[in-house]
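A.B. asks: These protein sequence lines are chains A and B, in that order. Just so you know, we're using our numbering here: the first sequence kicks off at 1 and counts up by one. Just so you know, we're using our numbering here: the second sequence kicks off at 1 and counts up by one.
Note: identical chains are not told apart, hence a pair may lie in one copy or across any two.
Pairs of lysine-lysine residues, derived as DSSO-like cross-links and limited to a Cα-Cα distance of at most 30 Å, are as follows:
(1) K185 - K17
(2) K206 - K166
(3) K185 - K166
(4) K255 - K240
Simulated from the structure, these hints should not be mistaken for laboratory data.
2 protein chains.
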Amino acid sequence: MGRYDLEYPKEAINTIKRENDRAVYALKTIHEIVNSCQILHVSFNTPSQPFPVILPMIGQMGSFERPSADIGDPLDLYLHGYVSSRIMNLGRGAEEGMPVCVAASHVDGLVLALSSFSHSYNYRSTVLFGHASLVNDEEERMYAMELITNSVVPDRWRHTRLPPTKAELQSTGILKVRIASGSAKIRTGGAHDERHDMENQDLQDKVWTGVVPVQQTMGEPVPSTYNRIDVPGYMSEFIKDFNTDNTQYALDVTKD
Amino acid sequence: MGRYDLEYPKEAINTIKRENDRAVYALKTIHEIVNSCQILHVSFNTPSQPFPVILPMIGQMGSFERPSADIGDPLDLYLHGYVSSRIMNLGRGAEEGMPVCVAASHVDGLVLALSSFSHSYNYRSTVLFGHASLVNDEEERMYAMELITNSVVPDRWRHTRLPPTKAELQSTGILKVRIASGSAKIRTGGAHDERHDMENQDLQDKVWTGVVPVQQTMGEPVPSTYNRIDVPGYMSEFIKDFNTDNTQYALDVTKD
Numbered sequence: 001m002g003r004y005d006l007e008y009p010k011e012a013i014n015t016i017k018r019e020n021d022r023a024v025y026a027l028k029t030i031h032e033i034v035n036s037c038q039i040l041h042v043s044f045n046t047p048s049q050p051f052p053v054i055l056p057m058i059g060q061m062g063s064f065e066r067p068s069a070d071i072g073d074p075l076d077l078y079l080h081g082y083v084s085s086r087i088m089n090l091g092r093g094a095e096e097g098m099p100v101c102v103a104a105s106h107v108d109g110l111v112l113a114l115s116s117f118s119h120s121y122n123y124r125s126t127v128l129f130g131h132a133s134l135v136n137d138e139e140e141r142m143y144a145m146e147l148i149t150n151s152v153v154p155d156r157w158r159h160t161r162l163p164p165t166k167a168e169l170q171s172t173g174i175l176k177v178r179i180a181s182g183s184a185k186i187r188t189g190g191a192h193d194e195r196h197d198m199e200n201q202d203l204q205d206k207v208w209t210g211v212v213p214v215q216q217t218m219g220e221p222v223p224s225t226y227n228r229i230d231v232p233g234y235m236s237e238f239i240k241d242f243n244t245d246n247t248q249y250a251l252d253v254t255k256d
Numbered sequence: 001m002g003r004y005d006l007e008y009p010k011e012a013i014n015t016i017k018r019e020n021d022r023a024v025y026a027l028k029t030i031h032e033i034v035n036s037c038q039i040l041h042v043s044f045n046t047p048s049q050p051f052p053v054i055l056p057m058i059g060q061m062g063s064f065e066r067p068s069a070d071i072g073d074p075l076d077l078y079l080h081g082y083v084s085s086r087i088m089n090l091g092r093g094a095e096e097g098m099p100v101c102v103a104a105s106h107v108d109g110l111v112l113a114l115s116s117f118s119h120s121y122n123y124r125s126t127v128l129f130g131h132a133s134l135v136n137d138e139e140e141r142m143y144a145m146e147l148i149t150n151s152v153v154p155d156r157w158r159h160t161r162l163p164p165t166k167a168e169l170q171s172t173g174i175l176k177v178r179i180a181s182g183s184a185k186i187r188t189g190g191a192h193d194e195r196h197d198m199e200n201q202d203l204q205d206k207v208w209t210g211v212v213p214v215q216q217t218m219g220e221p222v223p224s225t226y227n228r229i230d231v232p233g234y235m236s237e238f239i240k241d242f243n244t245d246n247t248q249y250a251l252d253v254t255k256d
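Bound conformation, chain A alone (with noise of 0.2 Å):
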């Protein structure tokens, strides 16, 4: 994009009241921390009972008509599940979409203060709201299969076996999200105290204060036990990076 960057547009829905200081409506701040996540939290009404109902899933961001998009251009979310999940029956029965909401949530360190009321979180958490309906389109469909694939592990799909199967294809759903809204929260930086913590000479004495950066990791690749072959390179490249980034966010967070 270049020139400014696309934000979604504040309303009731999305509207950050509580430490609006940390809110974010910027697209690429909030589809990067959609992407960056393993598990998006879904949640949707069924028609059969009062409790919303959050599903785990797996899912990434992107635009089937263009590619090429940028991660702070309009996109669409797209969600992988089994194709007779009760999610992908409400979303192919719905024919303007059913109203979801995706949950993505980092947390990046642990805030420890003087008194326990300011405690808190680094962390970075979105939440999109938007219209989920069933992909029929075939070239739609592998689109976003290689899409979320990749998002576990980058370039993984096209060094699998290819082409898939009619079962395989059968038995995989794609939920296509419209976004309508969003926002994300972000906090980052040390522990804060209140003026009359800070002066109690006592307690400074006495309370650890300042954070614990949290972060998650990968662990050296375990071989199945019909694997025959070393670990690629873009696997080893991807897990150090994952782990130098991962940690060195954790950490640049920390102070403010």
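Start from chain A and add chain B according to the hints.
C.D. replies: Coordinates of chain B only, in the frame set by chain A:
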């Protein structure tokens, strides 16, 4: 409990149909997943929007009536939030409690197979359904605040400035979710493929298969600008155990 493990009864809302060999209904397993999750995703409906809303929140299973209750006993879920937030206002208004769904998920590994469609995660995920209402009893509120603070770092509460100030208590809302139903889904083990792929020698010579362990880890604590003391033992013990246990679990489940 000793003699047997209590289970949430299987009903329409919580019965897992897909891959039901991965389903778990034991309270102990479900509560342990919830209590080990740093962020819970809480879904609820609002009167004014077609979309369910998901909030990332901090929470913990416990029993105010019987604080010594075992993790496998019937427990309530306590959630912590800002007192004037939307969910707190809805919880205040709902006489019978507001219907909510709470999800807790851990990714434990990337399971990489010959076919993209046989890829999976090792994971532990759980979903609880229940009715949330605001806690008004001051003693129960204190119980929940201590419970939740100690879930971030065990034993932290009594190492911070106590008692809470009036302003702190007034600005903190506690929601209690009476659990109606729940289930968990757990995947462990190595990669698996269909026979036709296993018999494809060229494919096996080309595709790496196995599990990449994934775990949350904590880094070296970074002191605040005003911190004066060394990292205390209760913190360093916790961080060491957290890292060792998570790494070991992710590694243990890479094998069948």
